[in-house]
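K.L.:
Here is how the chains run, residue by residue.
Number of protein chains: 2
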Amino acid sequence: MEFSSKLLENAVYEISQLPGIGKRTALRLALHLLKQPEEQTSHLTSALGKLRSQIKFCSNCHNISDVALCEICANSKRDAAIICVVEDIRDVMAIENTGQFRGLYHVLGGKISPMECVGPQDLTIVSLVEKVKKGGVSELIFALSSTMEGDTTNFYIFKQLEGVTVKTSTIARGIAVGDELEYADEITLGRSILNRIPFENSMKA
Amino acid sequence: MEFSSKLLENAVYEISQLPGIGKRTALRLALHLLKQPEEQTSHLTSALGKLRSQIKFCSNCHNISDVALCEICANSKRDAAIICVVEDIRDVMAIENTGQFRGLYHVLGGKISPMECVGPQDLTIVSLVEKVKKGGVSELIFALSSTMEGDTTNFYIFKQLEGVTVKTSTIARGIAVGDELEYADEITLGRSILNRIPFENSMKA
Numbered sequence: 001m002e003f004s005s006k007l008l009e010n011a012v013y014e015i016s017q018l019p020g021i022g023k024r025t026a027l028r029l030a031l032h033l034l035k036q037p038e039e040q041t042s043h044l045t046s047a048l049g050k051l052r053s054q055i056k057f058c059s060n061c062h063n064i065s066d067v068a069l070c071e072i073c074a075n076s077k078r079d080a081a082i083i084c085v086v087e088d089i090r091d092v093m094a095i096e097n098t099g100q101f102r103g104l105y106h107v108l109g110g111k112i113s114p115m116e117c118v119g120p121q122d123l124t125i126v127s128l129v130e131k132v133k134k135g136g137v138s139e140l141i142f143a144l145s146s147t148m149e150g151d152t153t154n155f156y157i158f159k160q161l162e163g164v165t166v167k168t169s170t171i172a173r174g175i176a177v178g179d180e181l182e183y184a185d186e187i188t189l190g191r192s193i194l195n196r197i198p199f200e201n202s203m204k205a
Numbered sequence: 001m002e003f004s005s006k007l008l009e010n011a012v013y014e015i016s017q018l019p020g021i022g023k024r025t026a027l028r029l030a031l032h033l034l035k036q037p038e039e040q041t042s043h044l045t046s047a048l049g050k051l052r053s054q055i056k057f058c059s060n061c062h063n064i065s066d067v068a069l070c071e072i073c074a075n076s077k078r079d080a081a082i083i084c085v086v087e088d089i090r091d092v093m094a095i096e097n098t099g100q101f102r103g104l105y106h107v108l109g110g111k112i113s114p115m116e117c118v119g120p121q122d123l124t125i126v127s128l129v130e131k132v133k134k135g136g137v138s139e140l141i142f143a144l145s146s147t148m149e150g151d152t153t154n155f156y157i158f159k160q161l162e163g164v165t166v167k168t169s170t171i172a173r174g175i176a177v178g179d180e181l182e183y184a185d186e187i188t189l190g191r192s193i194l195n196r197i198p199f200e201n202s203m204k205a
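Protein sequence lines correspond, in order, to chains A and B.
Heads up, the first sequence is in full-length UniProt numbering, so the first residue is 1 and it goes up one at a time.
Heads up, the second sequence is in full-length UniProt numbering, so the first residue is 1 and it goes up one at a time.
Okay, chain A solo, but in the shape it has when bound (with noise of 0.2 Å):
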């Protein structure tokens, strides 16, 4: 692509670092702001900028945060000897928007990832076996996604909590509620068959 401006080559430059955006939607992005009054650029990039230089992470669970402890950490209606460990942010609102858990996060911040070059040390893995060994805690549920990735993280932690008596589980991995068993992958289908559940169990929530 040629620019006839530095400007504009620049910024389409930038646009396109972020993941899964391309030269071509960044010049359409770009162009789209040009049209729109100057405002919401301005708008845009101090929201993107204080996001950046002041985000907060609650010292407890990790989670983003605008005060030091988050609402969820501070809130003492719920149960802080359940953790459920997840990756990121995203995860912590998917879990919240289902009303079915009451005890507090721990957000490690990704995965183990060899591919990826993140390694147990770029993680929050340390603070929560900390935590766990302090006391207090008597159940961890890992909520990671069911990868490679996921599980080595799962078992990584698993390992360092040896001589640690805490319960640990994970979430249930099954045929997802309104799908077709013939549509199901082997393995899901084979492992909701070896992990199945009391009838009356399925019949909650």
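None of these hints come from the bench; they were simulated from the model.
Note that the coordinates shown come from a computational prediction; the quantities given were computed from them, not determined experimentally.
Wrong hints could be hidden among the right ones.
If chains are identical, the list can't say which one is meant, so a pair holds when it fits in one copy or spans any two.
What the hints assert, rightly or not - As a list, the in silico SDA-like pairs of lysine to any residue whose alpha-carbon atoms are at most 20 Å apart:
| hint | residue 1 | residue 2 |
| --- | --- | --- |
| 1 | Lys50 | Glu39 |
| 2 | Lys167 | Asn195 |
| 3 | Lys131 | Ala184 |
| 4 | Lys23 | Ile95 |
| 5 | Lys35 | Pro19 |
| 6 | Lys23 | Asp88 |
| 7 | Lys131 | Glu182 |
| 8 | Lys159 | Gly110 |
| 9 | Lys77 | Glu2 |
| 10 | Lys35 | Ser46 |
| 11 | Lys77 | Asp151 |
| 12 | Lys56 | Glu9 |
| 13 | Lys133 | Gln160 |
| 14 | Lys167 | Ala81 |
| 15 | Lys35 | Tyr13 |
| 16 | Lys6 | Arg90 |
| 17 | Lys50 | Gln40 |
| 18 | Lys50 | Ala26 |
| 19 | Lys50 | Glu38 |
| 20 | Lys6 | Leu69 |
| 21 | Lys134 | Gln160 |
| 22 | Lys167 | Gly150 |
With the hints as your guide, set chain B onto chain A.
P.N.:
This is chain B only, laid out in the frame that chain A set:
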């Protein structure tokens, strides 16, 4: 979506104002920026801010340009008597890439679209008509999208030029090079038969 942070919520809201970007994608982009070094965000925001506040348009063709007269208009080797009328800078870039046009451009900044509240006064039509009336222009090539709005805009400019001696043409519509006839739509195929060209001409370029 319920956010644990106002900063994050605000950033997601502003990103999702961009066309084709929903709340989920906006959240993914915001979290991506948080994981990258702080410089990436500052480079992005400064590039966008500069683009919006310092952008200039060529005084002759209205294309985006860092200088008062764009490179194309300032190039004495180009034929100022032939003007290609386009919607925006992307069309200029696309036609320049073909290497088949040695005249100048006139960038309208859009096309007449009552649905999107774009009237003739929002485009650079007056300046185009003045330029042609001043003389020195032998041909106008309309290179707008082949849509209702594009055709309306072409026709509006054509009417404004009544009584002015200038040749007007539109870029050829027809079967794209490499396309199979059976998949072409009827209107395109029908027009390509009506507007057939001498076989010798098809061997050029």
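K.L.:
Indicate, hint by hint, whether the structure satisfies it.
P.N.:
Hint-by-hint comparison with the structure:
In this assembly of identical chains, the alpha carbons of Lys50 and Glu39 lie at most 20 Å apart whether taken from the same copy (16 Å) or from different copies (13 Å). In the homo-oligomer, the alpha carbons of Lys167 and Asn195 lie at most 20 Å apart inside one protomer (18 Å), although the nearest pairing across protomers, at 78 Å, exceeds that limit. Taking identical chains as interchangeable, the C-alpha atoms of Lys131 and Ala184 are never at most 20 Å apart, the minima being 38 Å within one chain and 66 Å between chains. For the identical chains of this complex, Lys23 and Ile95 are inter-copy neighbours only, at 17 Å across copies versus 35 Å inside a copy, given an alpha-carbon limit of 20 Å.
In the homo-oligomer, the alpha carbons of Lys35 and Pro19 lie at most 20 Å apart only across protomers (12 Å), although the nearest pairing inside one protomer, at 24 Å, exceeds that limit. In this assembly of identical chains, the alpha carbons of Lys23 and Asp88 lie at most 20 Å apart only when taken from different copies (16 Å versus 28 Å within one copy). Proximity of Lys131 to Glu182 under the C-alpha cut-off of 20 Å is found in neither arrangement, the shortest distances being 44 Å within a copy and 68 Å between copies. Taking identical chains as interchangeable, the C-alpha atoms of Lys159 and Gly110 lie at most 20 Å apart only when both belong to the same chain, with a minimum of 18 Å there against 61 Å between chains.
Proximity of Lys77 and Glu2 under a CA criterion of 20 Å is satisfied inter-copy only: 19 Å between copies versus 59 Å inside one chain copy. Taking identical chains as interchangeable, the C-alpha atoms of Lys35 and Ser46 lie at most 20 Å apart whether they share a chain (19 Å) or sit on different chains (18 Å). When the C-alpha separation of Lys77 and Asp151 is checked against a cutoff of 20 Å, the pair qualifies neither within a copy, at 31 Å, nor between copies, at 64 Å. In the homo-oligomer, the alpha carbons of Lys56 and Glu9 lie at most 20 Å apart only across protomers (13 Å), although the nearest pairing inside one protomer, at 33 Å, exceeds that limit.
Taking CA atoms no more than 20 Å apart as the test, Lys133 paired with Gln160 passes inside one copy only; the shortest distance there is 10 Å, against 81 Å between copies. In this assembly of identical chains, the alpha carbons of Lys167 and Ala81 lie at most 20 Å apart only when taken from the same copy (11 Å versus 81 Å across copies). Taking the shortest Cα distances, Lys35 and Tyr13 sit within 20 Å of each other both inside one copy (19 Å) and across copies (19 Å). Taking CA atoms no more than 20 Å apart as the test, Lys6 paired with Arg90 passes between copies only; the shortest distance there is 15 Å, against 37 Å inside one copy.
Taking identical chains as interchangeable, the C-alpha atoms of Lys50 and Gln40 lie at most 20 Å apart whether they share a chain (15 Å) or sit on different chains (13 Å). Within a single copy, Lys50 and Ala26 get their C-alpha atoms only as close as 22 Å, which misses the 20 Å cut-off; across copies the closest is 16 Å, which meets it. Within a single copy, Lys50 and Glu38 get their C-alpha atoms as close as 18 Å, and across copies as close as 11 Å, so both meet the 20 Å cut-off. For the identical chains of this complex, Lys6 and Leu69 are inter-copy neighbours only, at 14 Å across copies versus 44 Å inside a copy, given an alpha-carbon limit of 20 Å.
Taking the shortest alpha-carbon separations for Lys134 and Gln160, only the intra-copy value of 14 Å comes in at or below 20 Å, while the best inter-copy value is 81 Å. For a Cα distance limit of 20 Å, the shortest separation of Lys167 from Gly150 inside one copy, 19 Å, qualifies, whereas the shortest one across copies, 67 Å, does not.
Checked against the numbered hints given earlier, the structure breaks hints 3, 7, 11 and satisfies all the rest.
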